[in-house]
Amino acid sequence: MSSMVESATQVRDTAGLMAALEAVLFTLNRPVTVLELQDILQSTLPDIEAAATNLSQALTGRGLFLQRHQDQLQLVTDPAQADVVRRVLRPEYPSRLSPAAYETLAIIAYRQPLTRARIEEIRGVNCEAVLESLEEKGLIEETGRLDAPGTPRLFGTTMKFLQILGLRSLEELPPPPQSASTSS
Amino acid sequence: MSREVAAELERDPVYLVRTAAFDGPIELLLTLAQRAEVDLGAIPLASLTDEYLRAIEHERPPLDRLAAFLVIGARLVQLKAAALMPEAQVGEEEDLQAWEDAIKGRLEEYKRFKELAESLMRRHASGRFTFAGLLEPDVIPQARVQVSLDALASAFQQVLDRLPPPGPVTVEMEQVSLADKLEELRRMLVRQPQLNFSAVFRHARTRLEAVVTFLALLELIRIGEARVAQDGTFGEISVHRQEKKDEA
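Chains as they are written, first to last, in the working numbering: chain A, 542 to 725; chain B, 193 to 440.
Derived by calculation from the structure, the hints in this document are not laboratory data. Even glycine gets a Cβ: it sits at the ideal position worked out from N, Cα and C. Keep in mind that the hints are not guaranteed to be accurate.
Calculated lysine-lysine pairs in the DSSO-like style (CA-CA distance at most 30 Å, straight line) [to be verified]:
| id | chain 1 | residue 1 | chain 2 | residue 2 |
| --- | --- | --- | --- | --- |
| 1 | B | 306 | A | 678 |
| 2 | B | 303 | A | 678 |
| 3 | B | 306 | A | 701 |
| 4 | B | 303 | A | 701 |
| 5 | B | 296 | B | 306 |
Derived coverage of chain B by chain A (criterion: at least 3 residues anywhere in the stretch with Cβ under 8 Å from a Cβ of chain A; other residues may be distant) [claimed, not checked]:
| id | stretch |
| --- | --- |
| 6 | 297 to 308 |
| 7 | 314 to 324 |
Based on the provided sequences and hints, a complete structural model is requested.
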């Protein structure tokens, strides 16, 4: 065990850290926070961020894809390979969502984090059921509480949201149409 | 409301209010109420609304006039409510125009999100997902199951074979719960941190009870409170108590 830690500390150069990051993300096979990675790779935050950027670039044109949501990283298959992966994995194919669900997802994706009240203000209807269903599907989650009377829950999208849309990160969302209104 | 608009409305009012406290177009009532030149407290809005509803039953006005009445009526209710609430004041700048702009802005905002929702929907429908590896991250670590699944299954089959076969079906409530069996297994493992597989089932009198006990054992393995191991290929399977979170 101690020899593993020693060899990890030897990995200091950029290429080595990128390779170590790739190996760790591959074995853990789940979203890993940069904080965890600091600990696992015995490295600093800026070095890990740099390694993540390098890895993402190095994977261009390959079958894998570095996905990022807030402070989490995950190694996943490239959306361009979805068909072939689906053939071998036969994963449960998530059925289409309702128009209300896509609307709510869009509002949350572009305005996160925000409260249910704000979502309902935009949609003009009660959103309790649709939020519950999106949360159950793991597409949104509570990201915190608003510091206001009643400390309402704040909602944000999840890693899974990126996965069902094949997005590298939220920055890859289609740009919002020109907005004249003031955001919350 | 501009002077011209007010004059225009005076000629063709949305609705003529006839009450003791105010007699005239409803637009004028709103303008005066906003300037606090008329006391809304003296005007019964409920009966005003009732009369309006009766009036439009006879002669249905065009949609925009109906909408105008709704907007003005809503604003009057808001003003009256504000007047009734102590210390609540409706900002003066918050006039009808600003109110309309706000509603228009909100509709535009909603329309934008509707478009975005459609683009998300198209992206989702294209099926270009990303996938994580096949193994779920919460797979039970190998360390907890040092027995082949076949061996575990056949050991359980032996337990079942020792129990009386299911007789004619008599419908009765059997009181075997997974929660009880979990507790029972935990207690057994506290008393004796290492048990033979068959000993786990020594209290089971029926097949159902044995099945529930087996499920409870699997659950303990899953949550990391027990592990199973086997001495050699055909050796006795043993169940060991585990402290949670003691393995990687």
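Among the hints numbered above, which are violated by the structure, and what are their numbers in rising order? none
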